[in-house]
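Peer 1: Based on the sequences and whatever the hints tell you, model everything.
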Amino acid sequence: MENSPASREATIRQQEPSDRGGGSMTERFQKPTTLATEIARHLREAIIKGELAPGERVNESKLTRDLGLSRSPVREAIRILESEGLLTLEPHRGAHVRPLGDDDLQEIFDVRLMIESHGLRRDPHRITAEVIAPLRVAVEEARAALAANAFEAWHHASLRFHDGLVALADNRQLTRLHEELKISLRRYQISVIGLPGQPERSHAEHEAILDALEHGKLEQGAGLVAAHITNLKEAVLKAMVRTE
Numbered sequence: 173m174e175n176s177p178a179s180r181e182a183t184i185r186q187q188e189p190s191d192r193g194g195g196s197m198t199e200r201f202q203k204p205t206t207l208a209t210e211i212a213r214h215l216r217e218a219i220i221k222g223e224l225a226p227g228e229r230v231n232e233s234k235l236t237r238d239l240g241l242s243r244s245p246v247r248e249a250i251r252i253l254e255s256e257g258l259l260t261l262e263p264h265r266g267a268h269v270r271p272l273g274d275d276d277l278q279e280i281f282d283v284r285l286m287i288e289s290h291g292l293r294r295d296p297h298r299i300t301a302e303v304i305a306p307l308r309v310a311v312e313e314a315r316a317a318l319a320a321n322a323f324e325a326w327h328h329a330s331l332r333f334h335d336g337l338v339a340l341a342d343n344r345q346l347t348r349l350h351e352e353l354k355i356s357l358r359r360y361q362i363s364v365i366g367l368p369g370q371p372e373r374s375h376a377e378h379e380a381i382l383d384a385l386e387h388g389k390l391e392q393g394a395g396l397v398a399a400h401i402t403n404l405k406e407a408v409l410k411a412m413v414r415t416e
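Counting in the numbering used here, the final residue of the sequence shown is number 416, and the numbers go up one at a time with none missing.
Hints are computed from structural coordinates only; laboratory data are not their basis.
Idealized CB from N, CA, C, for every residue including glycine.
Be aware that one or more of the hints could be misleading.
As the list claims (entries may be wrong) - Cut-off 20 angstroms, straight-line C-alpha distance, at most; resulting in silico cross-link-like pairs (SDA-like, lysine to any residue): (1) K354 x H290; (2) K354 x I220; (3) K354 x V408; (4) K389 x E379; (5) K354 x I401; (6) K405 x H290; (7) K405 x R358; (8) K410 x D274; (9) K410 x S356; (10) K234 x R265; (11) K405 x R270; (12) K405 x G257; (13) K354 x P226; (14) K389 x P306; (15) K389 x M286; (16) K389 x P296; (17) K221 x L331; (18) K354 x R344; (19) K389 x I299; (20) K354 x T402; (21) K410 x L277.
Stated by the list, open to error - Here are the computed distance ranges between Cβ atoms for each label pair: (22) E232 x E312: 41 to 49 angstroms; (23) I355 x A325: 20 to 28 angstroms; (24) D238 x A398: 39 to 47 angstroms; (25) G395 x E279: 15 to 23 angstroms; (26) G369 x Q345: 29 to 37 angstroms.
Peer 2: Given below as structure tokens:
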């Protein structure tokens, strides 16, 4: 089995969980109450997998014809993705896949750092073995996945580790914001897996963060989270160059 960085990335893109059910495209768009949501999921998945490239136009008229639908749900779906930061709408130019610039990336990772380290500083007495347990589970699953060269499984275990850091804050608004940021970054984070040694580096950093938390060294853990987020930003920047 090939295990090059490029093959890892291709495997993740092919196996990235679909938000849609089975059946033909026409069958998937039958429920009137969910048309716009389903179309948005279809387009979001295409953007994340790189089937729609940064800067590429999303043709509303063509989508309407291809799906055999009226313009209204297609237009609403495009607005949903605009609100998520995946599309831009310009007068007389229509909708285009929104590329992330360096400034966008810096802002996103600045916010991620605040969100993912907040729980470590909010109330040290809350960081108990029980609260940390999901992080340990995610790290163990990621370790097993790496050993088996199962990079799809590693990718999702890694995402669960970051979700677990956010959960330490026990703040629904921070969790919601974190989910929004993940949508913006997913198309590039898949490419990160194709960078040589990146999964192994990220996993080692997760292990170090968890070790600090399990030994009650919360300030050290927060510092390790900051370093990890910075390293992720640099990796995403490299991935962005590869996708341009």
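Peer 1: Please go over all the hints and tell whether each is borne out by the structure.
Peer 2: Okay, the hints, checked on the actual structure:
Under the criterion of a C-alpha separation no larger than 20 angstroms, the hint pairing K354 with H290 is consistent with the structure, at around 17 angstroms. Restraint check for K354 and I220: satisfied, since their Cα atoms lie roughly 11 angstroms apart, inside the 20 angstroms limit. For the proposed pair K354 and V408, the alpha carbon gap of about 13 angstroms is at most 20 angstroms, so the pair holds. Simply put, K389 and E379 have alpha-carbon atoms about 14 angstroms apart, close enough for the 20 angstroms limit, and the pair holds.
Annotation: proposed proximity of K354 to I401 holds, straight-line Cα distance about 13 angstroms (limit 20 angstroms). Proposed proximity of K405 and H290 is supported: the alpha carbons are some 18 angstroms apart, at most 20 angstroms. Our distance criterion of 20 angstroms between C-alpha atoms is met by K405 and R358, whose separation comes to about 13 angstroms. Distance check on the hinted pair: K410 and D274 sit about 11 angstroms apart at the alpha-carbon level, within 20 angstroms; holds.
Pair hint K410 plus S356 holds up; C-alpha atoms about 16 angstroms apart against a cutoff of 20 angstroms. Annotation: proposed proximity of K234 to R265 holds, straight-line Cα distance about 14 angstroms (limit 20 angstroms). Our distance criterion of 20 angstroms between C-alpha atoms is met by K405 and R270, whose separation comes to about 18 angstroms. For the proposed pair K405 and G257, the alpha carbon gap of about 18 angstroms is at most 20 angstroms, so the pair holds.
As the CA atoms of K354 and P226 are separated by approximately 17 angstroms, the hinted pair is consistent with the 20 angstroms bound. For the proposed pair K389 and P306, the alpha carbon gap of about 18 angstroms is at most 20 angstroms, so the pair holds. Note on K389 and M286: the hinted pairing holds, with a Cα-Cα distance of about 18 angstroms set against a maximum of 20 angstroms. A threshold of 20 angstroms between alpha carbons decides the hint, and for K389 with P296 the separation of about 10 angstroms falls inside it, so the pair holds.
Taking the CA atoms of K221 and L331, the gap is near 17 angstroms; set against the 20 angstroms cutoff, the hint holds. For the proposed pair K354 and R344, the alpha carbon gap of about 15 angstroms is at most 20 angstroms, so the pair holds. Proposed proximity of K389 and I299 is supported: the alpha carbons are some 10 angstroms apart, at most 20 angstroms. At roughly 16 angstroms between alpha-carbon atoms, K354 and T402 fall within 20 angstroms of each other, so this suggested pair holds.
The straight-line distance between the Cα atoms of K410 and L277 is roughly 12 angstroms, inside the 20 angstroms bound, and the hint therefore holds. Separated by about 46 angstroms at the C-beta atoms, E232 and E312 satisfy the suggested range of 41 to 49 angstroms. Restraint check, I355 to A325: a C-beta distance of roughly 21 angstroms satisfies the suggested window 20 to 28 angstroms. Between D238 and A398 the beta carbons are some 45 angstroms apart, a value that agrees with the proposed interval 39 to 47 angstroms.
For G395 paired with E279, a C-beta distance near 21 angstroms keeps the hint of 15 to 23 angstroms intact. At about 36 angstroms, the beta-carbon gap between G369 and Q345 stays in the expected band of 29 to 37 angstroms.
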